[in-house]
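Student: Using the sequences and the hints, build the whole thing.
For the sequence shown, our numbering begins at 73 and goes up steadily by one.
Just so you know, the hints here were simulated from the structure itself, not pulled from any lab data.
Heads up, the beta-carbon is just placed ideally off N, CA and C, and yes, glycines get one too.
There's no promise every hint is true.
Said to hold, decoys possible - Taking lysine-lysine and the DSSO-like style, the derived pairs with C-alpha atoms no more than 30 Å apart in a straight line are: (1) Lys124 with Lys149; (2) Lys189 with Lys212; (3) Lys212 with Lys126; (4) Lys192 with Lys126; (5) Lys91 with Lys192; (6) Lys149 with Lys126.
What the hints assert, rightly or not - Just the calculated beta-carbon pair ranges, DEER-fashion: (7) Arg168 with Ile194: 16 to 22 Å; (8) Gln202 with Pro148: 33 to 39 Å; (9) Arg106 with Pro148: 35 to 41 Å.
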Amino acid sequence: MTPEQRHICMSHVKSKNTKPEMIVRQFLFAHGFRYRIHVTNLPGKPDIVLRKYKTVIFVNGCFWHGHDHCNIYSFPKSNVEFWKQKIERNKERDLRERIQLRIMGWHVIQLWECQLKPQKRINTLRGLEQTLNHIFLINKGCEIKHYEEYQMKNDIAAEPSLKYGMKDFKEDITKI
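Tutor: Right under this line is the structure:
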């Protein structure tokens, strides 16, 4: 591919209303979450803003935002040095914007294109919903208690088993 062809191809890639972004937006709306999109007065112009939750969501493309350890993210064969610098600048900008948002008191959630592929989509979206519910409780000042596994080992949910030949407790009650 010539540099001119590569330029034309890359310049036609959408940055708003992408398929991964639409998947997240449809899920959120279907589950009762209301949001604004592409809010320009916040650093980074977040893809999705949930003001009630003081949360922003970025739905990042693995290539454009340099998702490490991802099979979608690989450099084009031509002009490699340019693309390395470009993506590194994108990663640095993303980090600066996330820090600014956190300083402003926003929760920042970053989703990756590869997390929304069909084989991972359900778990990713359920995790997102759980995270938003957790944030809502934290923002309301609720104390969050986590169930401890060791309780399950120590608690007995049923009556202890009887030794062979012993009368059942219920039989003893009927005689009273």
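Student: Each of the hints needs a verdict: does it hold here or not?
Tutor: Each hint tested on the structure:
| no. | hint | verdict |
| --- | --- | --- |
| 1 | Lys124 with Lys149 | violated, 44 Å |
| 2 | Lys189 with Lys212 | violated, 33 Å |
| 3 | Lys212 with Lys126 | holds, 11 Å |
| 4 | Lys192 with Lys126 | holds, 26 Å |
| 5 | Lys91 with Lys192 | holds, 15 Å |
| 6 | Lys149 with Lys126 | violated, 41 Å |
| 7 | Arg168 with Ile194: 16 to 22 Å | violated, 32 Å |
| 8 | Gln202 with Pro148: 33 to 39 Å | holds, 37 Å |
| 9 | Arg106 with Pro148: 35 to 41 Å | holds, 39 Å |
In the structure shown, a violation is registered for the earlier hints numbered 1, 2, 6 and 7, in ascending order.
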